[in-house]
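Engineer: Residue numbers (my numbering), protein chains in the order written: chain U, 1201 to 1363; chain W, 22 to 137.
One should not assume that every hint holds.
[Unchecked claim] The calculated label-pair distances, taken between Cβ atoms and stated as ranges, are: (1) W:Q74 x U:V1250: 24 to 34 Å; (2) U:V1250 x W:Q128: 28 to 38 Å; (3) W:L91 x U:V1266: 22 to 32 Å; (4) W:P51 x U:I1324: 47 to 57 Å.
[To be verified] Just so you have them, the derived chain W footprint on chain U, three or more residues with Cβ under 8 Å: (5) 1248-1259; (6) 1299-1311.
Hints were generated in silico from the structure; no laboratory data involved.
All C-beta atoms, glycine included, are put in the ideal place defined by N, C-alpha and C.
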Amino acid sequence: MEEEVKNNTGQNLGIAALITAIITFVLAVIPCVGLMAIIPGIIAIVLASVGLSHAARTDSPRGVLVAALIIGIVASLISFSQVFVAGKIAEKADKWPGKIEKIISDVQDKVLEDLEDANVSIKIENGDEKIEINTTTNKKDLVEKLEKLEGEDTSVVDTLDRE
Amino acid sequence: MLVMIYSVVFSPDEDDYPVTCIHEKLTGQPCVSCGLSHSFSLILRGRVEEAYQWNVYGMRVFLFFALQLLMRIAFSLFYFRFTDTRKQLIIMDIIGSILLFLLAFRQFFAYLIHYS
Chain U
1201 MEEEVKNNTG QNLGIAALIT AIITFVLAVI PCVGLMAIIP GIIAIVLASV
1251 GLSHAARTDS PRGVLVAALI IGIVASLISF SQVFVAGKIA EKADKWPGKI
1301 EKIISDVQDK VLEDLEDANV SIKIENGDEK IEINTTTNKK DLVEKLEKLE
1351 GEDTSVVDTL DRE
Chain W
22 MLVMIYSVVF SPDEDDYPVT CIHEKLTGQP CVSCGLSHSF SLILRGRVEE
72 AYQWNVYGMR VFLFFALQLL MRIAFSLFYF RFTDTRKQLI IMDIIGSILL
122 FLLAFRQFFA YLIHYS
C-alpha cells in the first residue's frame, strides 16, 4: 500500500513536470513572452529532478520524468536564447538609421550616375505653339558644344575694359 | 483552455492586457508575435479581419490552441473507451501535436533562428 502511494507520487510529479515543460516550450517560442517562460522552465526541471530522485529510491518507471526533464531543459534554453535575440534586435535597431542613410546616398549616387550621360528632351505645347528643347547632360558633349560656339565667333570681347 | 479564458476576459476595446512585449520594451521594435493577444480576443469576438490586422499569424496560432483543446477532449474519451489501443493513441497524439505545433509556430521559429 505504502509502495503504491510512493509510485503514485513519482507519477504525479512526472505528469506535473511534463505539463509544465510543454507549457514552457509553447511560451518559449513566442517572442513576446519567451523570456518569462524561464520561470515555468525552472519549475519543470525542479519537479522532474525531484521525481527522478524519488523514482530512483522507489525503483519506479522514469520515462515521463526523463521526457519532462529534457523538454524542460530545451524549453528553458530556448527561453534564455531570447536574451541574445533581443540583444541582436537592439544592435540592428541601432544600425538601421545609418543603413537608411547609406541606402538614400546610394540611390542619389545612382541617379546622378544615370543622369550623367542622359539626353533630356522637354516639350511644351500650348495650343498651336510648340517648343522643344533637346539637351544632354553629357559633360563631354557640353564642353565640345561650348568650344564650337566659342570658335565660331572670336571677335566677341568677353572681358571688361579697365580704365 | 487558459488561452480561451484569457482571450475572453481581456477586451481589445479596453486594451487592458497584462502581458506586454518584452522585446518591444527592450529594443523599441515590434516583434513577430506583437498583437497576438488582441488577435485572439478579436477572433473570439468574430472580428476576424481586425484580428488579421493585429497579427497575421494570430489565426494560425489560435487554431492550434483551439484544436489542442478539442484534441485533449477527444483523446481523453478515446483513452478511457479503448483501453487496448492506449499506447497507439498516445503516439498519435504526440506526433499530431508536434506537427500542428511546428505548422502553427513556424514563423516564430524562423524569427528566433534569424536573430540568434
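Engineer: Hints first: check each against the structure and report whether it holds.
Structural biologist: Here is what the structure says about each hint:
1. The hinted range of 24 to 34 Å is not satisfied by W:Q74 and U:V1250, whose Cβ atoms lie roughly 46 Å apart.
2. The hint said 28 to 38 Å for the Cβ distance between U:V1250 and W:Q128, and at roughly 36 Å that hint holds.
3. About 29 Å separates the C-beta atoms of W:L91 and U:V1266, a value consistent with the hinted range of 22 to 32 Å.
4. Separation of W:P51 from U:I1324 is about 49 Å and conforms to the stated range, judged on CB atoms against 47 to 57 Å.
5. Residues of the stretch 1248-1259 of chain U lying with their CB closer than 8 Å to a CB of chain W number 0, which falls below the three-residue condition for coverage.
6. For the stretch 1299-1311 of chain U, the stated coverage by chain W is violated: 0 residues have a C-beta nearer than 8 Å to a C-beta of that chain, whereas at least 3 were required.
Checked against the numbered hints given earlier, the structure breaks hints 1, 5 and 6 and satisfies all the rest.
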